[in-house]
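Participant: The residues making up each chain are set out below.
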Amino acid sequence: MSEASAVMDRLSVKSYANEQKPTWCPGCGDYGIMAALKQALVSLGIHPHQVAIVSGIGCGSKLPDYMHANGYMGIHGRPLPIAAGIKLANPDLTVIVTDGDGDAYGIGGNHFIHAARRNIDITHIVENNQIYALTKGQYSPTSDQGFRTTTSPWGVIEEPMKPLELAIVAGAAFVARGAASEPKHLSELITEAVRHPGYSLVDVLQPCVSFNKVNTYEWYSERTYRVAETGHDPHNREAALAFAREWGDRIPVGVIFKRQVTPFERSLPGLVKGPVTARSLDDLGRDTFEALKKRHS
Amino acid sequence: MDVSIEVGGDAGQGVESAGTGLSLALARGGLHVFGMADYRSRIRGGRNFYQVRASDRPVRCHSDPVHLVAAFTQDAAHAHVENIAPGGGVVYDEQLPVDETALIRKGIRPMPMPLNRVAEEAGSKATLNVAAVGAALGVVGYPLHHFERVIFEKFGRRGEHVVDINLKAARASHDHASSKYGPDFPFRLHEITGAASRMLINGNQALALGAVAGGCRFISAYPMTPATTILEWTAARAGELGIVTVHAEDEIAAVCMAAGASFAGARAMTATSGGGFCLMTEAIGMAAMTEVPIVVVDVQRGGPSTGLPTRTEQADLLLAIHPSHGDFPHIVLAPGTVEECFEAGWRSFNLAEEYQCPVVVLSDAYLGGSLRTVGPAAFDWDSVVRDRGSFLPPEILDSREDYQRFAWEDSGVSPRAAIGHPRTVHAPSTDEHDEAGHITEDVGVRRRMMEKRMRKMDTALRDMRGPTLYGPADAELTLVCWGSVAGPACEAAVTLSARGTPTNVLHFSDVWPLSPDLPDEVTGSDARFVAVEQNYSGQFAGVFEGTTGLELDGAVLKYDGRQVSPRDIVEELEREVMQVV
Ligand SMILES: Cc1ncc(C[n+]2csc(CCOP(=O)(O)OP(=O)(O)O)c2C)c(N)n1
Ligand code: SF4
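Protein chains in written order, with the working numbering: chain A, 1 to 297; chain B, 1 to 581.
Treat the hints loosely; a few may be bogus.
Think about it this way: if two alpha-carbon atoms lie no more than 27 Å apart in a straight line, the pair counts; the simulated BS3-like pairs of lysine-lysine are [to be verified]: (1) A:Lys213 x A:Lys184; (2) A:Lys136 x A:Lys162; (3) B:Lys154 x A:Lys294; (4) A:Lys293 x B:Lys154; (5) A:Lys294 x A:Lys273; (6) A:Lys14 x A:Lys184.
To give an idea of the interface, some chain B residues facing chain A are shown, with a C-beta separation under 8 Å as derived from the structure [what the hints assert, rightly or not]: (7) Val244; (8) Met257; (9) Ala266.
Pulled from the structure, derived: some chain A residues nowhere near chain B, Cβ distances all over 12 Å [claimed, not checked]: (10) Asn70; (11) Tyr217; (12) Trp219; (13) Tyr220; (14) Arg286; (15) Glu290.
If you are wondering where the hints come from, they were derived from the structure by calculation, not from laboratory data.
In this text the structure is predicted, and so the values were computed from the model without any measurement.
For every residue, glycine included, the Cβ atom is placed at its ideal position computed from N, Cα and C.
Produce the entire structure from the sequences given, and follow the hints as far as they go.
Facilitator: See below:
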């Protein structure tokens with residue numbers, strides 16, 4: 001145990017480094033997101049074994065492979081329920097989901113809505129590059145109208161999804177937007193999101209330098225502004241919804257919305273006895289078992 | 001003594017509660033009971049019935065024919081005339097325009113009674129179902145006190161008044177029926193005094209009980225008939241058992257939550273039926289690839305697609321054997337009885353953890369929903385084994401260097417550990433990965449990883465139980481079956497043997513991986529082999545022939561959504577198969 005506590009003492013960004021070489025393109029926004037996440041975990045005093053970083057499938061979803069931390073790289077669109085299972089089995093863990101906009105809002109759209117509604121204490125970081133990158137450049141649910149991609153050669157017809165607005169409406173406890181090009185600010189947002197009880201969404205503007213030639217670093221930085229500088233009170237739901245809808249010439253970043261919720265797991269009768277992972281397999285005991293049987297006679 | 005009573009009426013008239021109440025009343029009197037619901041996929045209207053079979057000897061399936069029908073409607077009074085034994089009877093309200101001559105022609109006794117009036121006079125029309133049960137018990141000569149006790153327990157919470165009107169309805173019709181029809185009704189039931197008290201439980205409840213006894217502490221599911229009662233049973237007891245239950249947003253979420261919980265170290269399962277199982281398949285492959293043990297229960301119903309939502313079938317076998325793309329290890333269990341459901345409840349977790357793979361438990365509407373009496377020793381705390389396989393506890397991890405989650409092992413099974421310990425930091429991927437879990441496309445690593453995972457199937461085969469042979473060893477006819485067909489097949493074999501064709505049953509409860517080895521009595525036998533299954537294409541027959549190399553001589557296949565009865569099997573064999581072979 002003494003060695004374990006020595007490990008605890010030396011927490012730094014390096015604690016989260018591993019030998020893996022990211023396969024991300026040079027200049028990809030995902031680098032900034034990973035740096036911000038590591039920094040946030042360090043400032044929260046969370047060690048690699050105390051966190052679980054869950055992802056789906058996509059470029060950004062490879063992030064857990066490039067960090068020394070617990071993680072689980074699942075299937076496309078499903079990291080939120082996997083994360084929910086981890087958190088509900090062991091609420092002592094800090095559980096974070098990192099996935100792409102296609103993963104989170106497209107194939108995983110149903111889970112996204114219900115994660116917001118259910119409010120398990122999970123932080124969801126979406127690497128939103130407005131495109132499907134790993135499958136080489138198809139449009140995503142957040143792609144702008146008119147955007148030409150391999151599956152929208154005529155330009156995207158659908159209106160883009162507004163994930164922040166949807167998250168607020170669905171009941172999320174905490175909703176923020178950050179930018180991959182501003183890792184310091186992003187890490188502050190992630191820190192606050194992790195601290196905030198309930199489901200927290202951090203949607204991140206993530207330039208994909210290979211497939212999205214429209215929504216570039218410049219495109220985002222010309223438009224973003226800090227919502228805090230407007231004096232916005234994130235507890236004000238109506239004002240938050242207005243910021244959440246804003247997209248185009250001006251794009252707000254920062255904490256858009258927050259409210260106090262009781263995380264789902266704290267009301268779950270099955271967790272009153274503590275994390276299920278901490279209990280022995282026979283903790284039911286013969287007496288309870290016999291009592292259960294009796295009710296069937 | 002082996003008498004079957006059917007209560008029937010429209011959905012919404014309390015057919016099911018009448019049936020379960022009747023089952024309980026008979027079980028409490030020391031009888032062996034089998035209770036089966038038969039209902040349509042609608043909440044109100046449409047004829048439903050519930051069959052309760054009671055005997056002084058163990059009964060493992062429903063009976064065909066029945067001896068007494070207690071009908072709440074005209075429709076129910078006529079519906080199963082073909083299915084009533086000569087000498088049997090039909091109880092119904094005297095106001096209903098029931099065609100008595102049609103009944104009499106079949107040798108069935110019409111038993112009109114003032115059921116509705118009794119109910120109204122007792123205080124509520126809604127007690128019609130209780131009055132009907134009282135009448136049925138009166139006809140077969142069974143005392144009322146067990147049913148009175150059931151009424152008291154069921155309605156006690158709703159106040160004395162409610163209890164009283166129900167008791168009144170039951171008593172009035174019991175008195176009426178026993179004096180008017182009881183004396184010359186040939187099929188009689190009486191209490192067996194001094195019998196051991198037995199549980200009355202269905203397959204879903206038994207499976208849930210077995211799972212929690214075996215340490216399952218997480219269940220996530222999405223409601224789908226006929227699997228829903230598994231989540232309901234556990235949710236109702238969540239606080240008491242300390243089990244996390246989640247009504248997920250869909251089946252994909254349900255199975256992913258179970259995988260996440262298992263990854264974190266909990267014994268976790270999900271339960272669904274065909275369509276939901278389909279949705280889960282990608283995640284079943286995920287669990288196999290990341291070597292996360294999960295238990296997935298498929299309580300089969302009539303397919304394909306939404307098919308027959310409330311009815312039974314065994315047509316998901318091939319899907320259960322191949323539930324996701326790619327080659328991967330997994331195990332399929334198919335309990336055949338309530339006792340086997342209980343055992344599968346905990347044993348599935350031992351297998352899942354031993355081989356770090358998904359275990360599918362195939363039940364069906366018939367097995368999952370039918371009530372059966374089981375003796376007090378059947379579900380025994382001391383018989384429950386909780387073996388986590390190579391799962392490493394924290395004490396061992398404290399002194400372990402260089403933990404590699406997917407370390408090469410000859411058995412294919414790498415020691416597993418829950419996350420949360422400083423020495424077990426790892427992040428498995430559904431992409432191909434190396435021993436540490438990192439993504440790779442290296443040719444050698446890929447090959448070795450595939451081989452490591454698939455090797456588990458060879459090892460697991462040793463843990464799979466071979467078939468059970470019921471009946472005489474020197475048979476002329478062997479019925480090959482799996483899952484819930486066990487009960488009807490065994491009973492059919494007894495009848496066939498008594499009629500001059502020595503028949504036995506080769507029953508499989510562990511269906512994948514399937515051993516090519518069969519018991520000596522079977523391989524040395526020159527009996528004709530006939531598959532009995534609840535599906536159109538003889539799914540198990542194909543797997544059986546492919547694995548054992550033994551060719552079957554025929555098949556009795558039923559796919560109308562109703563469980564094959566012993567009589568169905570006997571008649572079909574006498575009509576078709578025996579002539580063909
Ligand atoms: C069920 C399923 N459908 C499709 C795919 C193919 N696929 C892989 S990644 C991806 C989209 C990724 O987009 P996004 O989540 O935005 O991540 P990015 O690559 O842009 O980081 C798709 C469609 C898959 N892996 N699984
Ligand atoms: S394709 Fe785009 S998202 Fe993927 S790694 Fe390259 S830059 Fe990043």
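Participant: Indicate, hint by hint, whether the structure satisfies it.
Facilitator: Here is what the structure says about each hint:
Between the alpha carbons of Lys213 (chain A) and Lys184 (chain A) the distance comes to roughly 25 Å, so the proposed pair stays at or under 27 Å and holds. Between Lys136 (chain A) and Lys162 (chain A) the CA atoms are separated by roughly 23 Å; this keeps the pair inside 27 Å, and the hint holds. A threshold of 27 Å between alpha carbons decides the hint, and for Lys154 (chain B) with Lys294 (chain A) the separation of about 15 Å falls inside it, so the pair holds. With a C-alpha separation of about 18 Å, the suggested pair Lys293 (chain A) and Lys154 (chain B) falls inside the 27 Å cut-off, and the hint holds.
Between the alpha carbons of Lys294 (chain A) and Lys273 (chain A) the distance comes to roughly 23 Å, so the proposed pair stays at or under 27 Å and holds. Restraint check: the Cα-Cα separation between Lys14 (chain A) and Lys184 (chain A) comes to about 17 Å, which is no more than 27 Å; the hinted pair holds. Hint status for Val244 (chain B): holds, given a least beta-carbon distance of 4 Å to chain A, under 8 Å. Because the beta carbon of Met257 (chain B) sits about 4 Å from the nearest beta carbon in chain A, less than 8 Å, this interface hint is met.
For the restraint placing Ala266 (chain B) at the interface with chain A, the shortest Cβ-Cβ distance is roughly 4 Å, inside the 8 Å limit, so the hint holds. With a least CB separation of 4 Å from chain B, Asn70 (chain A) falls inside the 12 Å interface cut-off, contrary to its annotation. Remark: the non-interface label on Tyr217 (chain A) is consistent with the geometry, its nearest Cβ contact in chain B lying 27 Å away (cut-off 12 Å). With a minimum CB-CB distance of about 31 Å to chain B, Trp219 (chain A) clears the 12 Å threshold, and the non-interface call stands.
Every CB of chain B lies more than 12 Å from the CB of Tyr220 (chain A), the least distance being 29 Å, so the non-interface label holds. Against the 12 Å criterion, Arg286 (chain A) falls within the reach of chain B, whose nearest CB is about 5 Å from its own CB. Distance to chain B contradicts Glu290 (chain A) as a non-interface residue, since its nearest Cβ pair spans about 7 Å, not more than 12 Å.
Of the numbered hints listed earlier, those contradicted by the structure are 10, 14 and 15.
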